[in-house]
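Protein chains in written order, with the UniProt record's numbering: chain A, 1 to 584; chain B, 1 to 584.
Each hint can be trusted.
The calculated lysine to aspartate or glutamate pairs, modelled on EDC-like cross-linking and capped at a C-alpha distance of 20 Å, are: (1) A:LYS579 x B:ASP574; (2) A:LYS582 x B:GLU575; (3) B:LYS452 x B:ASP285; (4) B:LYS153 x B:GLU261; (5) A:LYS582 x B:ASP574; (6) A:LYS153 x B:ASP157.
Short, incomplete list of chain B residues facing chain A, as computed with Cβ under 10 Å: (7) GLY67; (8) ILE142; (9) VAL163; (10) ILE215; (11) LYS553.
Restraint ranges, calculated between C-beta atoms of paired labels, are given here: (12) A:GLY439 x B:GLU571: 17 to 25 Å; (13) A:ILE88 x B:GLU433: 46 to 54 Å; (14) B:ALA269 x A:ASP223: 50 to 58 Å.
Hints in this document: simulated from the structure, not taken from any laboratory. Ideal Cβ placement from N, Cα and C applies to all residues, glycine included.
Protein chains: 2
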Amino acid sequence: MYRSHTCGELRESDINTKVTLAGWVQKTRDKGFVVWVDLRDRYGLTQLVFDEDRTSSKLLEQARHLGREFVVQVEGEVIERTSKNPKIPTGSIEVLVEKLTVLNESITPPFTIENDTDGGEDLRMRYRYLDIRRNPVKNNLIFRSKVTMEVRKYLSDNGFIEVETPYLIKSTPEGARDFVVPSRMNEGQFYALPQSPQTFKQLLMVGGMDKYFQIVKCFRDEDLRADRQPEFTQIDCEMSFVEQEDILDVFEGLTKHLLKEIKGVEISAFPRITYDDAMRIYGNDKPDIRFGMEFAELNAIAQHKDFQVFNSSELVVAIAVPGAAGYSRKEIDALIDWVRRPQVGAKGMVYVKCNEDGSYKSSVDKFYDQEDLAKWAEATGAKPGDLICVLSGDKDKTRTQMSALRMEMANRLGLRKPDEFAPLWVVDFPLLELDEETGNYHAMHHPFTSPKPGQLELLETDPGAVRANAYDLVLNGNEIGGGSIRIHDKEVQATMFKHLGFTPEEAREQFGFLMDAFQYGAPPHGGIAFGLDRLVAILGGQETIRDFIAFPKNNSGRDVMIDAPAPIDQEQLDELNLKLNKPS
Amino acid sequence: MYRSHTCGELRESDINTKVTLAGWVQKTRDKGFVVWVDLRDRYGLTQLVFDEDRTSSKLLEQARHLGREFVVQVEGEVIERTSKNPKIPTGSIEVLVEKLTVLNESITPPFTIENDTDGGEDLRMRYRYLDIRRNPVKNNLIFRSKVTMEVRKYLSDNGFIEVETPYLIKSTPEGARDFVVPSRMNEGQFYALPQSPQTFKQLLMVGGMDKYFQIVKCFRDEDLRADRQPEFTQIDCEMSFVEQEDILDVFEGLTKHLLKEIKGVEISAFPRITYDDAMRIYGNDKPDIRFGMEFAELNAIAQHKDFQVFNSSELVVAIAVPGAAGYSRKEIDALIDWVRRPQVGAKGMVYVKCNEDGSYKSSVDKFYDQEDLAKWAEATGAKPGDLICVLSGDKDKTRTQMSALRMEMANRLGLRKPDEFAPLWVVDFPLLELDEETGNYHAMHHPFTSPKPGQLELLETDPGAVRANAYDLVLNGNEIGGGSIRIHDKEVQATMFKHLGFTPEEAREQFGFLMDAFQYGAPPHGGIAFGLDRLVAILGGQETIRDFIAFPKNNSGRDVMIDAPAPIDQEQLDELNLKLNKPS
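Whole structure, please, built from the sequences with the hints as guidance.
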């Protein structure tokens with residue numbers, strides 16, 4: 001036994017107890033006649049004391065030479081602390097050391113192991129094992145473990161079976177690029193790592209498994225945008241004999257369970273909004289509804305005046321930014337510059353200041369009188385003191401721009417509170433999405449998503465109008481889960497493949513096993529998948545998923561700690577029947 | 001809502017209730033005036049009844065045309081069954097159907113979906129989604145889910161944190177072959193899939209995580225022996241500030257928890273045996289101790305007589321097979337043939353029948369008198385009616401042969417009871433293992449395993465004699481877990497790498513990040529990993545792990561259901577900067 005207690009558990013009630021502790025030296029304070037050492041482990045900090053009166057001079061000398069991050073074991077007696085530290089749970093006691101053993105030394109760490117470290121991102125990634133010693137990272141990992149355990153408890157208690165699906169599967173051309181794995185035993189052939197267990201979970205439904213879940217790694221070989229990882233974790237679920245309502249019910253329950261157990265937050269029924277409404281009201285299919293600033297379309301009241309910019313626009317849309325009427329000319333100009341940045345892409349912005357005296361001052365006073373502007377205020381719900389921002393142009397683009405502006409203003413005003421949780425369902429997604437470049441439609445969710453009842457015929461005439469039994473769970477402006485009711489009829493599935501541009505041969509080659517399976521009595525089924533990394537980050541009140549992953553990769557897909565990927569031996573390549581086109 | 005109840009829950013108390021059920025047609029019995037249909041889902045079977053008196057003739061006709069595995073929904077009333085079936089929980093009731101909807105049809109399945117199916121292994125693998133509908137497979141998967149949930153509960157309750165380690169890591173030459181994953185973004189470089197999260201869990205200990213676990217997929221590109229899978233699941237654990245005793249304690253606790261919760265079996269302290277004793281007494285480092293037949297070494301009492309076979313042998317070893325003295329001459333001859341098979345490899349076998357009258361009859365009566373044989377009986381613990389089997393020769397080989405014979409006799413005598421559980425710890429494993437072919441030593445467990453205290457010097461003089469702080473948990477003749485106390489001192493680790501034949505440069509290239517980490521205060525630590533597939537199979541009272549894996553691969557590493565691995569497009573190869581040496 002290396003220790004009788006952890007560094008986080010001793011209290012006043014332990015005074016006079018002989019204890020053995022082990023941990024890392026956080027800090028040493030040498031006051032000459034007395035040396036204090038903060039000893040740290042996963043569970044907390046305990047102050048050790050060595051003093052001239054009660055400790056041998058040899059021991060005091062030993063303590064004096066302890067370096068930061070040395071691993072030590074101490075035996076001693078718990079005593080009352082003269083100057084208590086109410087900030088830490090062990091702050092009322094200290095341990096008077098009688099024996100000190102250095103278990104391992106440490107060279108000076110490349111950054112300080114403190115809550116606020118002096119280490120930059122790159123350095124901390126390279127020495128991730130030291131970064132994990134820091135409370136913020138350590139606590140994030142513990143938090144993640146707690147969330148996954150609660151997910152498992154809830155789903156198990158609701159009759160779900162966790163089934164492991166294979167990692168070495170088959171490459172499909174659909175969607176993002178697969179990572180592939182050359183097979184040595186099957187020369188010239190490759191496995192693929194799953195982008196999701198989609199087909200396997202559907203096969204489990206064909207297999208009668210009824211309620212399946214799995215917390216599982218998935219892989220996508222994409223060019224990494226910020227905060228994407230080539231491997232990520234999914235809470236993957238599927239149910240049989242269900243309609244959309246049943247699924248929303250179960251997973252709304254899961255989300256409530258997590259919010260309650262993990263955050264102590266109780267939330268009643270989640271609002272639901274259709275995809276079309278979300279786009280109309282928030283310009284976004286994952287709206288943050290912790291705050292208002294809902295879109296008001298002003299076409300009817302702002303067009304047909306002399307303002308040509310609006311008259312020639314497909315959409316004129318406005319939001320009322322609360323309390324921003326006081327913006328100076330300079331601030332307004334800066335905001336207009338902001339919406340004109342290429343990342344946002346608006347041509348300009350019209351604004352109306354709603355003065356406290358009930359009057360309006362706008363950038364288009366030449367075209368609109370007070371009465372006109374009062375209508376805008378009414379439409380947007382603007383109150384005295386608010387700033388109405390108006391964008392116009394092409395409908396889809398303008399909505400996206402306004403959504404960006406809405407989020408920016410919410411950030412500036414501090415309305416996106418990390419400890420406030422506003423989940424909602426976005427439902428009735430389009431089945432297909434037009435690829436502007438190729439002019440082809442592809443599945444918005446995936447090719448197994450079922451169209452709304454009675455809309456199958458629309459596929460022929462107006463594919464973009466077909467709505468799907470597809471839904472996303474959105475939390476604080478992030479999509480944390482998405483799913484659909486699947487097609488369980490092989491004829492409907494064949495029609496879908498056709499509309500997605502697969503020849504029957506291609507469909508057979510890629511999804512033959514699924515189509516075969518559907519011949520043997522597939523039940524009606526549907527499911528959902530949550531992005532665990534994102535879910536945990538949001539529940540943790542943070543934005544970056546990387547902080548919730550033990551060993552994340554950087555934006556080039558590299559693990560800088562272990563220096564992977566890396567070249568492999570010629571012998572390994574030969575065994576795999578491979579050679580490099582260009583030597584590495 | 002597709003159903004109000006499952007097919008497994010209706011009881012007599014539900015009689016007169018209107019219900020909606022959904023499931024698969026297991027069987028239809030048409031008696032003309034009445035048709036019974038067994039409806040099946042994950043939860044059970046419910047008998048549906050359609051009859052001339054109470055059902056419309058149209059409905060009766062519909063029922064008559066239901067095929068096996070059709071997916072149907074029925075509405076009806078729960079009624080009492082005239083001839084009850086006590087074998088199933090729903091056997092007292094049936095549902096008088098008022099409405100029948102066919103949700104999906106099925107073509108005739110390639111094998112019967114019954115507990116005892118007519119489908120062969122290959123066919124069932126190809127249509128695994130249908131095999132999963134069968135109770136034996138379905139129940140195995142549910143059982144597995146239950147075991148993993150209990151593992152997680154126990155470890156969480158004991159302060160362990162589940163941390164996900166990466167799947168895209170770096171290839172190391174140690175041990176079995178890695179599966180590799182070419183990187184598109186890092187041209188000419190490869191990730192490797194982990195054979196285990198060994199180094200990452202050690203880095204987590206350096207990171208202060210203290211108690212880590214993970215249920216995780218691991219990958220080995222080995223030529224597959226029977227009942228090995230290229231991807232398998234491990235319960236991976238590591239603890240800091242522990243000695244061997246602490247680890248055995250926690251994981252003995254886990255095993256007891258599982259046996260109690262899953263099997264209702266309570267077991268007191270697990271026996272412990274050293275590796276050397278296990279080899280001496282059972283000829284095997286994973287002894288099945290559900291039965292006796294312990295080895296007795298007869299050298300002292302059987303050598304130095306006139307029997308040259310024994311005199312020239314390094315080892316003469318015997319077991320007493322209970323109740324086998326009655327073996328006929330023919331049976332004995334067959335047994336001798338059995339030990340001579342190449343798979344066993346003995347040259348011959350001496351036997352002694354211990355007759356009921358206390359006399360002995362042996363195959364070596366020419367050399368040994370009754371008094372000699374009585375000593376053999378005493379040494380082996382043979383009783384009247386037992387058969388003593390004696391093998392001799394080279395020590396290691398003879399032990400292995402005798403171990404095979406012991407297991408064979410136990411199987412023949414039905415002593416390996418699937419519902420009896422006899423766990424034990426095998427401890428003090430050799431640190432190194434001699435590779436007979438190359439004459440080099442390699443790590444028996446892995447290169448991070450620590451030698452027993454004070455034995456480091458022995459590495460120079462007698463490497464094979466060094467014992468390690470390594471242990472296996474053995475259950476019913478299977479190794480289900482193994483681990484060790486790790487080296488936490490970078491000097492000791494460097495010495496180990498040297499003895500394993502790594503140059504300092506090779507060690508640095510392969511394990512540099514671990515050796516770097518050990519400079520910053522690595523705590524004493526150790527761990528264990530359980531093979532989940534095997535553990536679940538044994539707890540389930542079965543031998544083959546494949547039956548407990550949802551979608552297993554065959555002995556060529558192929559998934560015959562999805563037909564993977566498979567060739568990939570030229571475009572994919574080009575993007576990865578790869579070409580095939582020989583076209584596939």
